[in-house]
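Q: Single-letter residue listing:
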Amino acid sequence: MKQNLIPILMPKWGLTMEEGQVTEWLVKEGSKISMGDEIIEVETDKIAGVVEAVDVGLLRRCIAETGKTYPVKSLLGVLADSSVLDSEIETFIEAYEIPDSGDEDAEESGPQYLYTEVDGLRVRYADRGSGDSVVLLLHGFGGDLDNWLFNLDTLAEKHRVLALDLPGHGESGKSIPDPSLSGMARFVNKFLEIVGVPSAHIVGHSMGGAIAMQLATERPESVDSLGLICSSGLGPEINSDYLQGFVDAQSRRELKPVLQQLFADESLVNRKLVDDVLKYKRLDGVDAVLRTLSATLLSGTQTILSDKTIDSGKPILVIWGEKDCIIPVAYAQKLADSGNSSVEVEIFDSAGHMVQMEKANDVNRRLLKFFG
Amino acid sequence: MARTISFKDAINEALDQEMTRDKSVIVMGEDSIGGTGSPGEDDAWGGPMGVTKGLYGKHGNQIMDTPLSESAYIGAAIGAAACGMRPVAEMMFVDFMGVCFDQIYNQAAKFKYMFGGKAETPVVIRTMVGAGINAAAQHSQMLTGIFTHIPGLKVVCPSNPYDAKGLLIQSIRDNDPVIFCEHKSLYGVEGEVSEESYVIPFAEANVMRDGGDVTIVAYGMMVGKAMDAAETLAKEGVECDVIDLRTLSPIDMETVIESVENTGRLVVVDESNPRCSIATDVSAQVAQQAFKSLKAQIEMVTAPHTPVPFTTTLEKLYIPSAEQVVVAVRKTLN
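Residue numbers (our numbering), protein chains in the order written: chain A, 54 to 425; chain B, 22 to 355.
These are computed hints drawn from the structure, not numbers from a lab.
Below, a list of computed lysine to aspartate or glutamate pairs in the DMTMM-like style, where the Cα atoms sit at most 25 Å apart: (1) K325(A) to E225(B); (2) K332(A) to E225(B); (3) K99(A) to E225(B); (4) K99(A) to D231(B); (5) K325(A) to D231(B); (6) K65(A) to E213(B); (7) K131(B) to D197(B); (8) K334(A) to E275(B); (9) K325(A) to E252(B); (10) K99(A) to E279(B); (11) K334(A) to E216(B); (12) K309(A) to D328(A); (13) K325(A) to E211(B); (14) K334(A) to E213(B); (15) K99(A) to E252(B); (16) K79(B) to D337(A); (17) K133(B) to E225(B); (18) K99(A) to E211(B); (19) K99(A) to E213(B); (20) K309(A) to E260(B); (21) K309(A) to E282(B); (22) K334(A) to E217(B); (23) K256(B) to E118(A); (24) K256(B) to E94(A); (25) K332(A) to E279(B); (26) K256(B) to D98(A); (27) K325(A) to D249(B); (28) K256(B) to E77(A); (29) K126(A) to D98(A); (30) K313(B) to E282(B).
My request is simple: use the sequences and hints to build the entire structure.
A: And the structure:
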């Protein structure tokens with residue numbers, strides 16, 4: 054009986070999520086659900102996201118009430134086909150217990166964050182999933198590996214996924230041995246050597262995309278393919294007001310409007326998100342790191358890496374948020390129009406620069422398809 | 022990496038990191054070194070509450086034991102600051118300020134003003150404040166208002182370990198005299214603190230909770246009470262903004278005013294006695310700057326106008342409670 058009943062659970066996005074608030078049911082009780090349908094909208098203290106169906110069936114019960122907060126793994130709803138009796142569903146709901154907190158999970162999958170040293174600098178990273186096919190995720194300017202909180206675990210179901218905090222970012226050491234793109238690419242390459250990965254699918258967001266392209270030209274043997282998400286290095290334009298605003302912001306009041314430029318839906322920038330970025334910015338050494346890097350990025354706008362990268366013949370997937378205010382979506386459109394066979398382009402509407410967060414499910418699906 | 026540590030350890034870590042970073046940072050206080058080598062002790066006591074424990078072993082040349090004479094060593098710390106050091110002096114209980122107040126308010130606070138802006142006095146006076154441990158009338162006061170009254174002094178009173186570390190580092194790096202008030206009942210409180218060094222700027226209140234119905238302003242120990250009250254009220258459908266002032270001088274009135282302009286209702290919680298306090302100051306400023314936004318009279322929740330009682334039952338009655346905050350919030354809604 055049990056396999057006919059598919060529970061819809063409160064997801065766990067990232068290490069710190071303990072509960073989420075149900076903001077909206079996107080489907081009605083009784084609807085037919087296909088795999089991947091968006092079912093329910095959930096808001097966490099970090100960000101809002103959408104829970105997708107991982108199976109097919111009828112949405113027999115919407116249990117979670119809109120506006121209410123539930124712990125991770127709480128039963129939010131039940132999918133089942135029409136042959137299942139109402140009484141069986143009731144019994145299932147009554148018997149459902151939230152599995153014991155993360156401890157078991159942590160043992161199963163190992164710790165969420167790991168630390169190593171590259172060029173004498175502490176590096177925090179995540180290493181999830183397993184297999185020969187490895188994906189490396191590179192965040193953007195001022196970000197950290199938690200920018201991938203909606204992507205890491207989903208991608209890790211099929212691949213070994215690595216994500217690191219770049220030098221000066223997240224919980225890695227707060228200095229940059231060599232702030233040039235080339236220096237950053239070499240740093241990433243050394244990281245791959247240290248974790249024993251000869252080559253990987255490199256997925257870079259924003260500045261991380263430029264680093265990925267640099268790596269592909271300098272160390273092509275380390276790169277299986279490239280995923281470029283709202284990447285810098287495809288054209289000369291970058292929103293310098295954003296970069297300067299991010300570097301200069303000293304308070305919540307100043308930082309919030311800056312961060313809002315990253316998202317199509319500004320309401321995603323809640324107090325916690327602003328606080329987390331502010332806490333990072335206030336760590337010793339971060340200000341200098343950000344000033345150095347933003348200078349590199351702004352001067353690097355003349356450097357267009359994409360031509361060389363395309364010539365390398367590596368498979369490339371370019372993903373963009375249509376409403377990106379930081380780097381123009383036109384660069385993705387231009388690549389799409391070029392008709393180059395090694396480049397695939399996907400543009401998602403109602404998403405901004407943080408498309409991997411705003412359209413996490415779509416981006417995950419697209420990446421998995423690309424990796425094959 | 023952020024981990025969970027106590028308020029006390031957060032202060033210790035801030036001192037440790039700043040003493041490492043800058044050799045002109047020195048720690049002075051009673052029993053900073055005392056206890057070294059006593060039976061059963063492999064370390065100095067680290068002050069009366071052990072806040073500086075472990076620092077003597079690591080920074081032996083930057084730590085100094087002082088006699089039981091606040092007037093002498095607070096004066097010495099201020100003099101050392103004027104001569105280029107960055108002393109952090111530990112005044113065991115703020116209640117002892119009486120004997121060294123001239124050094125603080127008439128010397129340290131005035132140097133910059135009286136010497137044409139040329140004299141800097143980067144001294145931090147760490148001191149224990151507040152009631153709650155049966156320390157009686159002479160060891161339990163909340164004298165934040167007295168220091169806040171004096172131009173030239175900066176006054177800080179953190180409510181949690183994260184803020185304690187960031188505000189203390191900022192205090193040490195600041196070029197003006199700072200009175201850093203540590204509530205003795207908070208030392209054991211734990212919270213997430215980054216192991217890296219960081220600063221929290223002065224005059225930045227922390228909005229702990231967004232509500233929209235009523236604004237509750239608090240600092241230090243009272244922030245927890247305000248949060249408890251807000252939790253209780255939320256169950257009744259009353260949503261409160263809770264603002265932790267963090268620094269009392271300079272003070273972030275902008276955040277308070279912004280909140281009151283939205284809610285129209287203000288409750289100020291202060292463990293001090295009710296007259297000439299942070300509560301009266303915030304109330305007056307809101308009345309002046311946001312009078313038209315107010316929909317109800319401002320409520321203050323404070324200690325009574327009495328010395329702090331020694332008896333446990335009376336001391337408990339003396340300290341403002343979450344229940345009193347709840348009642349005050351309801352009053353603003355009637």
